[in-house]
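Using the hints, put the two chains back together into the complex; each one sits in its own frame.
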Amino acid sequence: MPERERKQRPAPKERADEEVEDLAPPKQGEELKEELDDLLDEIDSVLEENAEDFVKSYVQKGGE
Amino acid sequence: MTVPKVCGIETEYGVALRGASDANPVLASSMLINAYVEHRKVGWDFEDESPGRDARGFAREGAAPPEIETHLVNTVLTNGARYYVDHAHPEYSTPECADALELVCADKAGERILARSMQAARRLLGAGQEIVVYKNNTDGKGNSYGTHENYLVDRSVPFATLVRQLLPWFVTRQVFTGAGKVGGENGTGHTGYQLSQRADFFEEEVGLETTLKRPIVNTRDEPHADPQKYRRLHVIVGDANLCEVATFLKVGTTALVLAMTEDDFIDKDYSIVSPVPSMRTVSHDPTCRATVELVDGGTVSAVDIQWEFLRLAQKYADDVGLEALGSEEVGQQVLERWEAALTALERDPMTLDGQLDWVTKLKLLDAYRERDSLGWDDPKMALLDLQYHDVRPEKSLFERLVRAGKVERLVEEPDVTTAMTVPPPSTRAYFRGQCLEKWADAVVAANWDSLILDVGSDPLRRIPMMEPLRGTRAHVESLFEECTTPAELVARLAS
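Those sequence lines, one after another, are chains A and B. Under our numbering, think of the first position of the first sequence as 1, with each following residue one higher. Under our numbering, think of the first position of the second sequence as 1, with each following residue one higher.
One thing to keep in mind: the hints can contain errors.
Unchecked claim - Derived SDA-like pairs (lysine to any residue); straight-line CA-CA distance at most 20 Å: (1) B/K363 with A/I43; (2) A/K61 with B/G187; (3) A/K33 with B/K229; (4) B/K395 with A/K33; (5) A/K56 with B/G140; (6) B/K380 with A/F54; (7) A/K56 with B/K229; (8) B/K268 with B/G354; (9) B/K229 with B/P464; (10) A/K61 with B/H148.
Claimed, not checked - From the structure, some residues in chain B lie toward chain A, with a derived Cβ separation under 7 Å: (11) E12; (12) A88; (13) T161.
Hints are computed from structural coordinates only; laboratory data are not their basis. Computed from a predicted structure; not experimentally measured. Think of the CB as a built atom: it goes at the ideal place given N, C-alpha and C, for glycine as much as any other residue.
If we strip away everything but chain B, and leave its shape as in the complex, we get (with noise of 0.2 Å):
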């Protein structure tokens, strides 16, 4: 049976710092998470140091790149979201949210974090030095960094089944989830462009690795809850969307997906004969018409499949609801704007210019390439595709054709900027969130499932938040008003 699909996107974003001759991309990421934490004197660190903020040798003049002896480091934020130091990546995971357009406004405040943080990083730097992040996925020589989303799914589901519907769903979800990507790599020798970034580098159907010989249907077992009734299902096979209309598409349309499993209302089987390829070849056709053979006969294009799961949605809202989905509205929207995109898809896919970050990348190539007779393989190509997901605001291309009035938007701006430093009502990152704005000397340590706070006496208290949806607002809203220390608000939760 369907639990709510709370939901999340952790985005490791492409980070380099300029003008310096060693960049070293783990202390940019730090310096990026440390100014933007300093400045906002609201972070909190994992490992109970305090954060490397000493900042020997960041104003130095010169073109010599800084120095410091840093660690990874790991905060969380009062909006409920981690920032931190993943690998070489500054990654942001956006706080719990119940829907996908409140994950959409969660995901957007995360690209204004990291501008925030550009900015803030900048007094840190020498002359002529910059840190520069792009939300992307890959440099284009074969490296890929990842944009993960998590859904809330019922433990009872055997996982074999999860991986039979979500191979062909992840296979052909790629005509609306796809960001973009000027050529092809690893070894697919692709040219010209493509729907997805990442496409090229999955090279498995399943398994537990995210950085070599990547699964389409990632294995990772870690709920962040309780583990008895719940999973958490890890996607590893998305890009990151700068148009929120791609990201509402993408987690709305994967959390019905789900809830139609679990409820077990699938009754076909979609299973792709080799979904590996088949990846790269809903990735390497613009114009969505290729085809891929069905394990129960039959040719069909990744928009037919995407139109049967559809239509299967179409009748679980019926017979079902999408409650699941954080509302009804909610849901009723997603199918909306899914069969749009589906019309759209089949008939003209450069209508979803605005919509789509694929399409919107590719009619700004197109026009580059019409106005000055440019071949793809022309470095202006791979340089449009790289700055399009510059997050800075005012070398950002996805931002100018935001300006220029030529993207939809789902979420208001000011909503999210809230986003950025409060948490969303509707799970336990309200109390995660509210904790640390209230009480951020307190908290001595927190996860996505617990919180542990010093309340003055010994010993530390140790508060499990097991239940993704308990915690919220509603719930804790009248608790954190009444209590005015920690020790009040733990004896309270004790009774």
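If we strip away everything but chain A, and leave its shape as in the complex, we get (with noise of 0.2 Å):
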């Protein structure tokens, strides 16, 4: 087997300590699910119409 140079794994507490500068205030429990909310609103938007109908037409071939 070739020789592998051993490399040091960085030490876990160093990126720990540069990823805290970049945490913005946790968000509160109203404001996430507001947004929540908004999100279903928007995808409701775009499911399919009909969704027994929708999922039963959906047949496929086996593959592989």
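Dropping the structure here:
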């Protein structure tokens, strides 16, 4: 086997310090919920209509 | 001894032709590929026939399905990928990549190519018709189609050794590779949510099949490289991932376990008593606490076994290094991601929202269940499950989550766009892709391990490419710059 240089993993602590500066203040419960509601509304607007029939009509041949 | 973990992913996409009374999936798949190739004007056909680009019938108005005589389309793209019809699905095989991060980009580029294909196919379809593809692995009715990984493996490692290490590996890696599914199939009777699209379909431990009695470890022996030196491990047990972190983990950790196996570094037997039922046990438990029984005694969770593999891998990194994963840098990223994922899976899997597909999808489904008071058997659950994987950017629920900033990305979108047409620099895919980019007309046939050029004078010249790491940009970039004709290239290669 060819000799491989042993490499040191970066110390986890250093990386943790770097990340701390990037952290935004955590979002509050209400804010999170509103954000989620908005997202669900947006998804509602693109969801295929008539879920039952739509899903039923999706039939594939097996593959591979 | 380990060999570089050159890798690739083949994805069979689900395909539907909407608005047609008789939707032929083979035809729809062919149309997608032909439309893309025509659109890009860089395509090329394996069979030395013009692709079925005759638009007879395609542009007809009305709801009748398009009719055309078609053959199974098979093309190679300038990015070194293969894009073709397999069974009744459009399939995209990424070019060979040297590391997991490169493969994340190549795999994402495949999604974009399918999206572009759908768009290009619109002009070939009648009013009210549309071809739609899904990057998933099941129709929810017992029909599954595959996402296969491929890894370069040292031929001298006994296959039985690979099987022994890989069975527990594949059973347990589902905790981060799963793309999530509502319900159970293939007679498992599972209700509710499960980690994997595919787990229900595996019925054997080892075997050659891929379409029925699917084995956890597939024995296909088709190296597409020097058969004296290499195997190509063909992994059929994985799900199609949309989350880049999931793809990265799936490929990176599996490459690492293979490298450790080749170097005979795994000193403990993690064999599971009943791997096939255990696949389901693990998949059917979104809390990730279900246990399986070890042959050596004891019951452990999938995450427990994953920790064992990770600790070995960390030791392997220190003792041997991670160059086999393409570079130390990528190898270290794999280790860090892996450790973070296991830590989160142990504490609270839902914190991996935006990183793992099964969690990301589950979070969305849970939000709907709560808002609309839905049970798991509500058709809306199945619809959300399916549409998460829709490849059309405007319809894909996954893409909605990306746009909302809910999904962590590992590659930049401009790099993905580039990877649609430009091969990775680090493998023989570079040579293949450059030949097509420069001299598509002269390329008579191409395969993973060879390329046949028409240099203007007979006979045709076959260029073997049996070493996956030869023909890289570092090797042949200057050659392509200096040669003005394929004949010159052939002469230079022979000298």
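Next on the checklist: So, against the hints stated earlier in the document, which numbers end up violated here?
Outcome noted: Per hint list: 3, 4, 7, 8, 13 violated.
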